[in-house]
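Relying on the hints, combine the two individually framed chains into one complex.
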Amino acid sequence: MEELLLILKRMHPDVDFETNDDLIGEGVLDSLDIVTLITEINTTFDVAIPAEEVIPENFNSAEAIFAMIERLDEE
Amino acid sequence: MEFHSTSFLLFAFVTLLLYFTVPKRFQWWILLAANYVFYAFAGLKYLAFLLFTTLVAYVIARWMQQRIDAEDAYVLAHRDTMEKAERKAFRSSEKKKRLHLLLTGLFLTLGLLAVVKYTGFVLSGVRTIWVSMGNRPFSVPTLLLPLGISFYTFQTVGYLIDVYRKKIKAERNLAKFALFVSFFPQLIQGPLSRFGDLGEQLTSPHAFSGSAFGAGLLRVVWGYFKKIVVADTAMIAVRTLVEQSTAYNGVYVFLLILLYSVQIYGDFTGGIDITIGLSEMMGIRLAENFNRPFASRSTKEYWRRWHITMGAWFTDYVFYPLSVSNSMQRLSKWSRAHLGEQIGKRLPVYFATVVTWFLTGLWHGAGMNFIVWGLLNCLVILVSQELQPLYTRFHKRFPGLAERKGWQIFQCVRTFLLMGWIRSLDCYRDVSKTFYLWGTVFTKWNLPALLAGGWLDLGLSVVDWFVLGGGILLIFAVSQLGKREPLRYRLVKRPAVLCLCICILTVLILLFGSYGIGYDASDFIYGQF
Chain A
1 MEELLLILKR
11 MHPDVDFETN
21 DDLIGEGVLD
31 SLDIVTLITE
41 INTTFDVAIP
51 AEEVIPENFN
61 SAEAIFAMIE
71 RLDEE
Chain B
1 MEFHSTSFLL
11 FAFVTLLLYF
21 TVPKRFQWWI
31 LLAANYVFYA
41 FAGLKYLAFL
51 LFTTLVAYVI
61 ARWMQQRIDA
71 EDAYVLAHRD
81 TMEKAERKAF
91 RSSEKKKRLH
101 LLLTGLFLTL
111 GLLAVVKYTG
121 FVLSGVRTIW
131 VSMGNRPFSV
141 PTLLLPLGIS
151 FYTFQTVGYL
161 IDVYRKKIKA
171 ERNLAKFALF
181 VSFFPQLIQG
191 PLSRFGDLGE
201 QLTSPHAFSG
211 SAFGAGLLRV
221 VWGYFKKIVV
231 ADTAMIAVRT
241 LVEQSTAYNG
251 VYVFLLILLY
261 SVQIYGDFTG
271 GIDITIGLSE
281 MMGIRLAENF
291 NRPFASRSTK
301 EYWRRWHITM
311 GAWFTDYVFY
321 PLSVSNSMQR
331 LSKWSRAHLG
341 EQIGKRLPVY
351 FATVVTWFLT
361 GLWHGAGMNF
371 IVWGLLNCLV
381 ILVSQELQPL
391 YTRFHKRFPG
401 LAERKGWQIF
411 QCVRTFLLMG
421 WIRSLDCYRD
431 VSKTFYLWGT
441 VFTKWNLPAL
451 LAGGWLDLGL
461 SVVDWFVLGG
471 GILLIFAVSQ
481 LGKREPLRYR
491 LVKRPAVLCL
501 CICILTVLIL
511 LFGSYGIGYD
521 ASDFIYGQF
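Those protein sequences? They're chains A and B, same order as listed.
Numbering-wise (the numbering used here), the first sequence opens with residue 1 and increments by one.
Numbering-wise (the numbering used here), the second sequence opens with residue 1 and increments by one.
Bound conformation, chain B alone (with noise of 0.2 Å):
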């Protein structure tokens, strides 16, 4: 069921009515018998995997918790008789204890994760290597991916973290973690919730909220436009290019560069707005996924403010405990003294940043065009890093350079073609090819072929390229206008807005959705990781 069709309109329609009409205390079951029809709708064989990671998750993180309450117990009966190395050395063999625990959980949720989505890839791979030594190819299996698990996994392997690190309690209402672990809203592409934030407003009674409903719908609209109009508009394009990739070289390449930032921005954030809207209609917030992340000024700033609860996930779930773990510690140390202090201090952020980047990219998706994606995101980072002192000294050369609009513009021109061209691997899904492609930017000269009719070859029609024109240009205004207080929070203050954005959605709907002549919604591209 993707969220632009007509079935997810009646689901959501019918699930926001018996939300708010129901007795409050009820309002958090209607939530979680949603989601779980939500979920069947994509295949109730898919229901398994879903429950396994649940039912793990819970289990693990009752039994962390118990042993989390016996040890305070215990250091609480015993404070006047234990002394501080003892008490230290009790709660760090209880730590360990509880470690074991949660490694156990890490491997049966990740584990299948990996079982379920890296098969293919890797049984590929081999069966790569297996023909390169002369023997007959063997058959791969194709496993079918089921919906939405990177995302309920990556969300349980957090809360079990979070419980390990007595962060949080852990959830002892069996119903109320499943409801956690399956909000149908953010079940596809997130955002990556953290329990503590999420938990208890899931399961809290909500009373309608003119205000909350009405900016939660224009979220909503506003995110099917990005889809509908924008997103899908440029995916036509980006088709042609990527199919005929043979023919569409040189120029066409940088074009298809340009076109794919523009269709995975509106198709990314466009579906988050609408995860996020529908959740605000019922009075619940989570957390923001993206903060203008064409206005970064370098690569750094980019991935604050793309994919944010993402990168904030790999930051607090791999990147610091790698990187301040006892062997890393040890490693540094080992490094300055026989390596200099230069080395010895970035070698353990190096090492993390550089797995980090690697896990990053196999999250996106089994194949090798992911993983070089995030080891170039990788490599820019630690580039930059290493430049520092470079762009020190020249701005010390050029005083005021930094504070000017100009440079500023230049820096978010130079980071949002930096990531468009790194993340054009997504489109040709093939390293060698990409590379290559890359490369004809340079060496065929075609900009005369595509000034002279061959934009309108890829698919859309003068028209077309006006509405894709006229919808960056919407949403660049919008996010102008919304930089101190979102505009919809100020839209809503007008009473004839809801009936307003109503039309404007049964319009889009009508013009450009599935009812529309000849009209095919494309997937969420992020539903696909």
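Here chain A stands alone, though its shape is the one from the complex (with noise of 0.2 Å):
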């Protein structure tokens, strides 16, 4: 969790990651940032994100994103 967060904090230091539940919603994370974070996290946690999982539930906050990863690395 403290890595995802760590990339997160890069993209956008101002934000609160860890309170923020409706980045998409927001419009905190827009098409650029989603595509980046997947990125990031096919580097550092070798889990490949598919195009069905980018839905706003899974990337509204930095828990459903930790979530979808840990889900993706067991299936």
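Just so you know, nobody snuck in bad clues.
Reference listing, derived: stretches of chain B covered by chain A, where coverage requires no fewer than 3 residues with Cβ under 8 Å from a Cβ of chain A: (1) 314-323; (2) 342-350.
Here are the simulated DSS-like pairs of lysine-lysine, each with C-alpha atoms no more than 30 Å apart in a straight line: (3) A:K9 <-> B:K300; (4) B:K300 <-> B:K117; (5) B:K96 <-> B:K166; (6) B:K97 <-> B:K166; (7) B:K333 <-> B:K88; (8) B:K483 <-> B:K493; (9) B:K396 <-> A:K9; (10) B:K88 <-> B:K167; (11) B:K84 <-> B:K333; (12) A:K9 <-> B:K345; (13) B:K396 <-> B:K345; (14) B:K333 <-> A:K9.
Derived from the structure by calculation, the hints contain no laboratory data.
Bear in mind the structure is a predicted one, so any value in this text is a computation, not a measurement.
Think of the CB as a built atom: it goes at the ideal place given N, C-alpha and C, for glycine as much as any other residue.
If you want it as structure tokens, here you go:
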């Protein structure tokens, strides 16, 4: 989780990713951020995120993103 | 059978009557029959295209579902003995096999669309090159475009991809699947529905609900108003300005941009209102396709509010699959290492954006004007993205400006004009001519001629201009009043509203519709896409 928070902080230093749970709804993460994030996750966690997982519910909070990484790693 | 024809009104009436009088378990059969009758009116030969797409998608989806079920059963049966890596490898190999099936389905359905829609365009291009090499020209066959093929093909492709992604289960019943592909209210101009949202709704029984019926009817009436009174009135002036574009340049091009924006808004949102309203009368909720698009403050926002279902389709099925694909991820890593962090980060997104907009343009029509339209939209979005740091600095310099009403109105007007400007490529259908005419806005000063009576030479009388202006104001007022809750839901709570809207509908059709003296309702613009 800490590694993920570091990645997110590098992208938007001014956002509190530990509390914000509407990253997509509030427009914090746009398509450019999401694709960048997916590349970072791929490199750091060795988890490939397929296009069907790119839905707001999976990217609305750091917690949701981490849950998705864990789930995809398990599958 | 156009939405504004007498035959359609009669057809819709009979369908609704049968839908609510047969036993509920037969309702979806009535809908299916109505769909095919509706489609047969367009031409019996076109039914073959619809049936082909339906059958191909049904068979391929069922095949994929069988593989998915077998895969899940195998993993479940071996859950105690399979290692994680082994399970992943098995799932990955199954996904690859499923992908082959998906690609076959996409090749057949999109291939059919490509042949009927783009053969003429491609052959014309080939002929131009052929002739420029000194050869004799050959004739290009004209293929008629089957009604609604772009919409039902895209809807079917979405279904196939959703089954492939295990987002939905493939429909077992062929007739129920055929109903989803051919649902008549949305067959001509969308919205592009997803099987997960619509499939079950179409086949579920629906009891008659006075409030749903009334609200739906009000929306249908409102759709006819927008189409017949506003869009078709604006269309008269637009047609004059386009047909006599040599004479009507300079400020007239600017007028065309404004009028065409009004026309396409009334035409497309009106058509969608009829579609969604008619479905609502039957208790079926379709996805919204518009959310006050002209209130958008940026191009990005505009495309989240205009033709929403198409935008979502391209985002889900083209943009993300492309930008997060393995090859794009590899390209990103490579370019980050060799070209720097900033370029590497942008490359996959920008590449996917260009491809998405190129295809969006091509989907709208087989012509260079549509492709250029798509790419110009893309350019505006990418430039806005790149200028973001500049905007941030600007707003830091002028704190509080972004919250001011005046600034927000300026942003809306700017977006409206920019989108209208690009959209005028639709009108002239010739890229070089359009660019030339855009240039005349800055080089020809003919505003005095327009104000001195030129506006009355465009086919609209003073009364017509007032009707158009009044219609635009009414649309604006209804949009403002319905910000929180659509106005029709408030109106429908009043008991006399049903009679009232039936009366309005009748009067509108009599005054402005097919029965009106000398009135010729035009086809829906999006019907041709």
